[in-house]
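Visitor: For reference, the chains in residue letters:
There are 2 protein chains.
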Amino acid sequence: MVNHVKISGMGKYLPERLVTSEELEKKMGLTAGWSYTHSGVKERHFVNNETCSFMGARALELALKDANMKYEDLDAIIGASGSFDHPIPYNSCLIQKEMDQENSGTPCWDIDSTCLSFVTAFDVVSYLIEAGKYKNVAIVTSEISSKSLNYNEKESATLLGDGAAAAIISKSTPEEGSMIIGSLMETYSRGAFYTSVKGGGNTIHPNDPDSNPDDFTFNMKGRAILEMAFDKLPTFLKKLFVQSQVEMKDLTLVIPHQASKLGIDMAKQTFGITDTQLVNNLANHGNCIAASIPMALHDALRDGRAKRGDKICLIGTSAGLSLGGIIFVY
Amino acid sequence: MVNHVKISGMGKYLPERLVTSEELEKKMGLTAGWSYTHSGVKERHFVNNETCSFMGARALELALKDANMKYEDLDAIIGASGSFDHPIPYNSCLIQKEMDQENSGTPCWDIDSTCLSFVTAFDVVSYLIEAGKYKNVAIVTSEISSKSLNYNEKESATLLGDGAAAAIISKSTPEEGSMIIGSLMETYSRGAFYTSVKGGGNTIHPNDPDSNPDDFTFNMKGRAILEMAFDKLPTFLKKLFVQSQVEMKDLTLVIPHQASKLGIDMAKQTFGITDTQLVNNLANHGNCIAASIPMALHDALRDGRAKRGDKICLIGTSAGLSLGGIIFVY
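Going line by line, the protein sequences match chains L and W.
Sequential numbering from 75 applies to the first sequence in the working numbering.
Sequential numbering from 75 applies to the second sequence in the working numbering.
Since no wrong hints were added, every one of them can be taken at face value.
Below, computed lysine-lysine pairings styled on DSBU-like, alpha-carbon distance capped at 35 Å:
#1 L:306 - W:144
#2 L:101 - L:295
#3 L:385 - W:209
#4 W:221 - W:101
#5 L:101 - W:272
#6 L:306 - W:209
These are calculated hints, taken from the structure and not from any lab test.
Please build the complete structure, drawing on both the sequences and the hints.
Guide: See the structure below:
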C-alpha cells in the first residue's frame with residue numbers, strides 16, 4: 075500500500091520557560107548530573123500558562139507559513155496527542171479556536187495512541203488524502219507533561235518535557251514522488267500499564283474521595299517497557315522493512331520516539347542506526363510524549379538533514395503497549 | 075466517494091444498574107415527572123463497578139458473535155468514545171486487555187470527537203478498509219457519564235446515561251452492495267464550551283489547589299447548543315444529501331445523536347423525519363455520549379427496522395461544536 079502524500083510544511087512550538095536539570099536536581103534533592111546520566115536530559119521546556127491548544131495553534135501557524143498556505147487551505151485539523159486541555163471538548167476544536175477560526179467549519183477530530191499519536195495520524199490521514207477526501211490536512215501534536223509529574227518518581231520527572239509540533243500533509247504529484255511506503259502498528263496490552271496516568275478519567279475520578287495526588291501523575295516502569303519493546307521490536311522492524319522494501323542502509327533518517335536515553339542507545343546498537351541517520355533531541359527537549367517525533371522531524375528538516383526523495387523512518391513505542399512505525403519518501 | 079464496507083455485526087452492553095427518573099428526582103429534590111418532561115428520559119443505566127473498557131469488551135464480544143467471527147478475525151480495534159477510564163493509556167488497548175487478548179498484537183488506537191466519535195470512526199475506518207489496509211475492524215464506543223454528573227445542573231444530570239456498543243466493519247462484496255455513500259463533518263469552535271468537562275486535563279489539573287469538584291463535572295448550555303445546531307444543520311444536511319444523492323424519503327432509518335428531547339423533536343419537525351424513520355432510545359437510555367448512536371442502531375437492526383440494501387443516516391452534533399453525518403447502504 076503506497077499513499078502519495080507529502081509533508082508540505084512543519085512548525086514547532088517550545089514553551090518559553092527553560093528548565094535545566096540542575097534546577098530539577100536541586101528541587102528533587104538529587105546529586106548534580108543525575109538527570110543527564112540517568113534520563114539523558116540536560117534541559118527541557120515546561121509551560122507557564124500555555125495550554126495544549128495554544129502551543130498547537132502556534133505550531134500550526136508556523137507549519138502553514140512553512141507550507142506557504144493559509145488556514146483556508148486546510149480541509150481538516152487532526153489533534154494527535156496523549157495529553158489534553160480538557161476531557162471535553164477535544165484538542166483539535168480548541169486548536170481551531172486558538173487560530174481565531176471559530177466560525178470556519180473546518181472539521182476537527184482527534185487521534186490518540188499516546189506517544190505514537192502523530193505516527194498513527196500520519197498513516198490514517200494518508201488514506202484520506204490518497205482517496206481524495208481531503209487535499210491538505212493539519213496534524214497537530216501538543217503535549218504538556220509538566221503538570222502531571224510525580225517528583226517522587228525521579229526517572230520520569232527528570233525525563234519528560236512539554237512542546238508541540240504541526241505538519242501539513244498534502245497530496246503529492248507523481249513528479250514529486252513523495253509517498254508513504256510502509257506503516258505498521260501492534261498493540262500488546264500486557265504492557266498497558268507500563269506507562270500510565272491512572273487518575274482523571276472514570277476509574278479514578280478527580281472527585282473520588284479515595285483518590286490521592288499521586289494518582290493524577292505519570293507512572294513509568296522503564297525497565298518493563300524496555301524489556302517488552304526490545305523483545306518485540308526486531309520482528310516488528312523486519313516486517314516494516316519487508317513491507318516497505320527497504321533496508322536500514324536505505325534510510326536517510328531514523329527518528330525514534332525519544333522515550334529514554336537507554337531506549338535510544340539500545341535501538342541504535344540493536345538495529346545498527348548510524349549517527350548520521352539517528353535524530354536525537356532528548357538532551358535539550360526531554361520526552362515530550364507524542365510531540366517528540368514530529369519535533370525531531372521538524373528540526374532535522376530545518377537543519378537540512380534530509381531532502382525531497384530521501385527515505386525517513388519514524389518509529390516508537392507508546393503506552394498500550396503499542397509499537398508503531400512509518401517509512402516515507404520525503 | 076463511495077466506500078464498500080458493511081456492518082458485519084453489532085453488540086451492546088448496558089450496565090446492570092437501572093436508575094429511574096423517580097429515583098433521581100427524589101435525590102435532586104425535583105418534582106415528580108420533571109425529568110421526563112424536560113429531558114425526555116424515564117430511565118437510564120449507571121455503572122456500579124463497570125469500566126469503559128469492561129463494557130466495551132462485552133459489547134465487542136457480542137458484536138463478534140453477531141458477525142460470526144472470532145477475535146483473531148479482527149485487524150484493528152478502534153476506541154471511539156468521549157469518556158475514558160484513564161488519561162493514559164487510551165481506551166482501545168484496555169478493551170483488548172479486557173478481551174483477554176493482551177498478547178495478540180492487534181493494533182489499537184482511539185478516535186475522539188466526543189458524541190460523534192462513532193460516526194467519525196465509521197467514516198475513517200471505511201477508507202482504511204476500502205484501500206485494503208484492513209479487512210475487519212472493530213469500533214468500540216463505551217461511555218460513562220454518571221461519574222461526572224453535576225447534580226446541581228438538573229438538565230444534564232437527568233439527561234445523561236452510561237452504555238456501550240461495538241460494530242464490526244468489513245469489506246463488502248459488489249453482490250452485497252453495502253457501502254457508505256456520503257459523510258460530512260464541520261466544526262465551529264465558537265461553540266467549543268457549550269458542552270464541557272473542563273477539569274481533569276492540563277488546564278484544570280486534578281492536583282490544582284484552586285480546582286473545585288464542579289470543575290470535574292458536565293456543563294451543558296442546552297439552549298446555545300440548540301440555537302447553533304439548528305442554525306447550521308439545514309445547510310449541513312442538504313450538503314450531505316447532495317453528496318449522497320438521496321432525499322429524506324429514501325432513508326429507511328434516521329438515527330440522530332440522542333442529545334436531548336427538544337433536539338430530537340426539533341430535528342423531526344425541521345427535516346420531516348417520520349416516526350417509522352426516526353430511531354429514538356432517549357427515554358430508556360438517556361444521552362450516552364458517543365454510545366447513543368451505535369446503541370440505537372444496534373436496537374433498530376435487532377428489531378428488524380432495516381434490512382440489507384436499506385439506506386441509513388447517522389447524524390448529530392457534539393462538543394466542538396461539531397456536526398457530523400454519514401449515510402450508508404446497510
